[in-house]
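Engineer: Residue 829, in the numbering used here, is where the sequence shown stops; the numbers in between run on with no holes.
Think of the hints as simulated: they come from the structure by calculation, not from any bench.
One should not assume that every hint holds.
[Said to hold, decoys possible] Straight-line alpha carbon distances no greater than 25 Å define the calculated DSS-like cross-link-like pairs of lysine-lysine that follow: (1) K605 <-> K713; (2) K170 <-> K133; (3) K334 <-> K357; (4) K554 <-> K533; (5) K341 <-> K357; (6) K436 <-> K474; (7) K133 <-> K148.
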Amino acid sequence: MSERGFYGPPRGRGSSAGRGAPRGPQRPSYSTPPPSAQGSRGRNGLPSGGYPSSNSSRFHAPPEQSAAYSSSENFPEAARQKKSHPIKEKMCDLSEDISKLSIDKVVRIPNRPDRGGTVGRKVTVTSNCWDLAFLPKTVHLYFLEASAVYRVGVDEGSKTEIRMPPKEKRALIQQVVDSFPESIIYDGGNSVYSESPLPGITTDPVEKEIEIKDPLGRDRLLLSYRVMEVQKVSTADINHFISSPKATSLNMPQTCKAFFTAGNLADVMYEKYGDNMARCSLQMANDLRRIRVETDKFYKSDNGHAYSRRFTVHGISSVPADKLMIEERKQSVAAYFDEHHHIKLKYPDLPCIKADVASEVIRCAAVRPQERFQELQTFSNSMLKSHPLIKQFGLTLQSRPVDVSARVLQPPSAAFDRSRVIPLKPGSWTSPGFYDPAGHGVELLWAILCVPPDRRSQGHVQKVIHELPRAAERVGIRLSSRPHLSQCPMGELNRKFDEFSRQGCAFLLLILYDEHAYPAIKRLSDLQIGIRTQCVRSRTLDKPNVFPNLLLKINGKLGGINWQIPDLIKNGDELIMVFGADVTHPAPTQQIRKSVAAVIGSVSPDLMRYGVVIRQQATTEKGNKAAREIIDDMRLIVKELLQLYLRNTNGRFPTRMIFYRDGVSEGQFENVLVEELAAIQRACSDVRPGEEPAITYIVVQKRHHIRFKPSDPRRNSGDYYYFTYLRLIQGTSKPAHYHVLYDDSNWTSDALQMFTYHLCYAYMRCTRSVSYPAPTYYSHLAAFRARDWLSGLDQPAVLLDSGRFRVHTSQVDGMFYL
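Whenever a hint applies, use it, and build me the whole structure from the sequences.
Structural biologist: Right under this line is the structure:
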């Protein structure tokens, strides 16, 4: 648990009196309040002495100010005739804007109530950050933009423009940059920095041309580009900014990239380009980008069965398949397919696709901490310290990464089968029996469905019938030894689900021989029929230990509790309700889809069972991406979850509420906090006027590049991670980054950290600690379940009621998303 500051401390609010101290009106204030509105009770629209009334108005943060320029408006004709260019005008304030940057001026995070946590064994860990410093210099800033790409004809002076989107044109700018002197830095977009003036370029925009390389080397291409000097920038202001305690380190992550693989799309491309395919590589790359492709069934599983695989295309190779070499094998892609798959490529003279291969990327990226940091150290020594540009621009980098103070926390104990409380092993454990098994000793009826019918199903069905009831009995669940069996085509799913539901089956186990069936199955079971389902891929049944893992999810879906963490409920007379929230956004290729928000709320005092509300976000104004992250109708969502909580706790209202919010960047803190916190408070007043539970609002971030390793290489890497605990099977784990944005609950650092840490052991899908609290994980699962519901639907509105997904009433109290 890092105490040093490139993360900043996990700040809380309140006195150091501890969790049991009286709670007063200690809500944090903010330095930049929004415009006042009637109904406000405190600064920035946040109540400072009580909750807003149910009819008080909502408060909005002021719009953020930023300097930007649009490539579509860079060189208007009128501006060419003026001395004051719009690009210059917009960029001239860059230095001033940088000097004013400060997170605290957007939203002031509450201060830590004490000197930080003290629980645990103190250790030192090494981060992947290096102390960085540089001397102030004057740098020339240039603006560079690709305007057109031409194919040069055979006749002298003839050329034809190639239609290409702006993004593709920008990718070609690198070849222009390569023609500049070596002492320049290019940001990959439109900005070029140079320590000295570039010859022939002034503050007036000029148009130039340069011959560029054709990816297949078959055509002469010309790139037309515009360039101008924007201004001279003093790095003194930037130096002042990064010299603050929050930004003095260079974070050096290690990333991985997918390797090329082969795919035969020649017939599809031929229909569009005909005999010009070889001449249209740039257009083909643009056509294929981000589309999903599927191979023939030439892959072989361990038992010899053939199967296909699906990929997302990211581009095409610059050389054809018979010349693209696989370095490790010293052979071409075409030769590899001929030798290993006995497939002769139909068009070996055409390029290969670039595709993502998730499993290969994961294996490539799974580098142990000592190896990862050694590679980074080598890179730091050989590249950063010796690169001429580093020295030329006055940068200096320390020889070793930054060491950080940390603490190792003791794993909690867990209660199993209502009688045994066992200290958990660090990171993972074995369950001797479920704390609250489904059925409570009553034999449960169930069914096995093979979807679709498959000749391999007989062996799989017999294995399930023989082993699943045995594994269930060991953890306290009684399953019928004679389940219903069905070979079920896709068209029969609705009828079979309804039939087994009326026969009283507790759940259905579906063996999938076609993974495309999964969305339709979940739509039927979660939204229409209301029967619990557990899907398993056919090839997964060939793996060891599959049935104990399946039972973890089955028991949770049936209302059982796999284990209990006693430390989570040692709160005296207090009742704590925990929320998790996440918003998942559609992929760039899914333009017609909207974002999906899922909010999870605990419905049991032991914080092991959770209800959920899932809704589709409203469409936002074009370009207003930040607003999409604010969850719509949070007031109604929290109100519904509170009512569900009351039904499960005999009407007892929570005294504390902890909200773990995922997916929020630092630039969105103010908007999300002001909107959602006010909605949570109003929901409490709606459900029970006069009740004001103390609220803690925490943002959980995983999208960062910070990594740690033990300073002592003899220590296991799983022991040391910022504010979390995760022992990995492979690789280096990513620590969760927590921001306490609001807290009037008087949590001490130790109490809040330990509570959050123990929630990492409450994730019911596996007998391992996870990298961030269970409710946050559950909200992520629920949001992705909604994406499955929407998959393949042309009219998603049939699943919605005022933007909310109509989950079947029998599933509302169950954790169907496990």
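Engineer: Does each hint hold? Answer for all of them.
Structural biologist: Checked hints:
no.: 1; hint: K605 <-> K713; result: holds (23 Å)
no.: 2; hint: K170 <-> K133; result: violated (69 Å)
no.: 3; hint: K334 <-> K357; result: holds (15 Å)
no.: 4; hint: K554 <-> K533; result: holds (24 Å)
no.: 5; hint: K341 <-> K357; result: holds (22 Å)
no.: 6; hint: K436 <-> K474; result: violated (31 Å)
no.: 7; hint: K133 <-> K148; result: violated (42 Å)
Hint compliance for this structure: hints 2, 6, 7 are broken, all remaining hints hold.
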